[in-house]
Amino acid sequence: MTIGRPENTSEPEEGVVLTAEQAKSRRARNIAIGVAVALFVALFYFVTIVKLGGNVVPRTG
Amino acid sequence: MSDASFIIDDASAPRAPVAAPGDYFALLKPRVMSLVVFTALAGILLAPVAPHPFIAFASLLAIAVGAGASGALNMWYDADIDGLMTRTRGRPIPAGRLGREEALAFGLFLSIMAVFTLGLVANWLAAALLAFTIFFYVVVYTMWLKRSTPMNIVIGGAAGALPPVVGFAAATGAVDLSSLVLFGIIFMWTPPHFWALALVKREEYGAAGIPMLPNVHGETRTRLEILAYSIALAPIGVAPYLLGFASPVYGVVSLLLGVALIACAVWVYRRRDGEPARRAAMRLFFFSIVYLSLLFMVLVIERLLALSSWLA
Numbered sequence: 050m051t052i053g054r055p056e057n058t059s060e061p062e063e064g065v066v067l068t069a070e071q072a073k074s075r076r077a078r079n080i081a082i083g084v085a086v087a088l089f090v091a092l093f094y095f096v097t098i099v100k101l102g103g104n105v106v107p108r109t110g
Numbered sequence: 538m539s540d541a542s543f544i545i546d547d548a549s550a551p552r553a554p555v556a557a558p559g560d561y562f563a564l565l566k567p568r569v570m571s572l573v574v575f576t577a578l579a580g581i582l583l584a585p586v587a588p589h590p591f592i593a594f595a596s597l598l599a600i601a602v603g604a605g606a607s608g609a610l611n612m613w614y615d616a617d618i619d620g621l622m623t624r625t626r627g628r629p630i631p632a633g634r635l636g637r638e639e640a641l642a643f644g645l646f647l648s649i650m651a652v653f654t655l656g657l658v659a660n661w662l663a664a665a666l667l668a669f670t671i672f673f674y675v676v677v678y679t680m681w682l683k684r685s686t687p688m689n690i691v692i693g694g695a696a697g698a699l700p701p702v703v704g705f706a707a708a709t710g711a712v713d714l715s716s717l718v719l720f721g722i723i724f725m726w727t728p729p730h731f732w733a734l735a736l737v738k739r740e741e742y743g744a745a746g747i748p749m750l751p752n753v754h755g756e757t758r759t760r761l762e763i764l765a766y767s768i769a770l771a772p773i774g775v776a777p778y779l780l781g782f783a784s785p786v787y788g789v790v791s792l793l794l795g796v797a798l799i800a801c802a803v804w805v806y807r808r809r810d811g812e813p814a815r816r817a818a819m820r821l822f823f824f825s826i827v828y829l830s831l832l833f834m835v836l837v838i839e840r841l842l843a844l845s846s847w848l849a
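Protein chains in written order, with this note's numbering: chain A, 50 to 110; chain B, 538 to 849.
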């Protein structure tokens with residue numbers, strides 16, 4: 050891993066430059082977090098539906 | 538300053554994590570978590586009125602995540618001694634795949650999420666019990682008892698025994714005798730289970746500075762205590778039938794398993810040297826897993842059957 054501007058490059062890169070392995074693991078973690086958040090939202094959606102249950106009466110008129 | 542001076546080599550650069558999602562999952566101690574799910578399910582199914590299946594599922598998920606979070610916090614605190622024992626050397630932190638700070642943040646975040654989710658999905662008594670379970674496992678057991686007393690797993694075992702109580706509370710909003718009996722079974726099961734392992738891994742625990750019973754009071758005392766706890770556990774294992782919340786089938790199974798467990802403990806008590814002693818201890822260790830799994834399996838199956846016949 051290098052920090053700052055690598056030598057001999059025309060486009061200077063700032064900040065932390067990840068290795069291929071680190072970039073791959075970061076992508077895998079990001080996907081896992083995305084899936085977990087989606088499942089969490091779905092969990093609360095269905096819990097809300099179940100808890101409301103028959104208390105939600107369709108409004109007429 | 539030349540461009541070259543901006544190049545910092547690997548050794549001095551801030552470390553970017555290489556942990557895969559699987560490493561974070563390993564922090565949750567999946568095998569312990571599966572046992573927690575199973576015992577908490579038994580607690581939920583003991584409820585006189587079954588909760589909605591999805592609420593039961595969401596409650597179980599929150600309890601499982603809470604248990605996993607306490608496992609992550611345990612690995613954060615114990616990273617130093619985990620690296621000294623072969624059994625725990627491959628865990629993500631001592632293996633260098635994940636930093637302690639990440640494990641701490643992960644464990645704290647999941648603990649808070651699990652407790653609040655259980656509170657919102659089920660009720661706040663269950664959430665408070667889950668929070669107490671995490672606190673007891675991390676602070677009382679991991680930080681205090683584990684490195685200071687050979688009674689560490691006796692008292693600390695309460696944390697592992699609480700999931701059925703949490704499950705019952707999630708389903709009913711209360712705690713009653715039946716859930717406390719399940720607590721008692723796991724509580725009395727924990728010492729013979731871990732002391733059997735400690736007999737075999739005595740040197741490793743000693744090298745790591747963990748005062749397990751064989752290291753502090755010797756193997757003879759440990760074998761005697763294993764036998765005493767097994768004899769005490771067997772009748773508690775039958776108690777669900779005696780108290781009327783399990784069937785005669787459970788009664789017979791728990792009686793037979795209890796006798797077999799005591800036989801294994803007697804074997805450990807009598808075989809004290811060399812390979813036969815090691816084999817006897819490992820036999821008890823593995824049979825104790827079978828014992829607890831089968832007891833709760835029978836309890837869960839007969840509750841599910843009763844539930845399905847009630848629904849039909």
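Derived from the structure by calculation, the hints contain no laboratory data.
Possibly wrong hints are sitting among the right ones.
According to the in silico footprint, chain A covers these stretches of chain B (three or more CB under 8 Å from chain A) [claimed, not checked]:
id, stretch
1, 555 to 564
2, 579 to 592
Now the in silico label distances, taken between C-beta atoms and shown as ranges [as the list claims (entries may be wrong)]:
id, chain 1, residue 1, chain 2, residue 2, range
3, A, V65, B, F653, 28 to 36 Å
4, B, P585, A, L101, 21 to 29 Å
5, B, D713, A, Y94, 28 to 36 Å
The beta carbon of each residue, even a glycine, is placed where N, CA and C say it ideally should be.
So, going through the hints one by one against the coordinates:
1. 555 to 564: holds (count 5)
2. 579 to 592: holds (count 3)
3. A:V65 x B:F653: 28 to 36 Å: holds, 33 Å
4. B:P585 x A:L101: 21 to 29 Å: With a Cβ separation near 24 Å, B:P585 and A:L101 satisfy 21 to 29 Å, so the hint holds.
5. B:D713 x A:Y94: 28 to 36 Å: This hint holds: roughly 32 Å between Cβ atoms.
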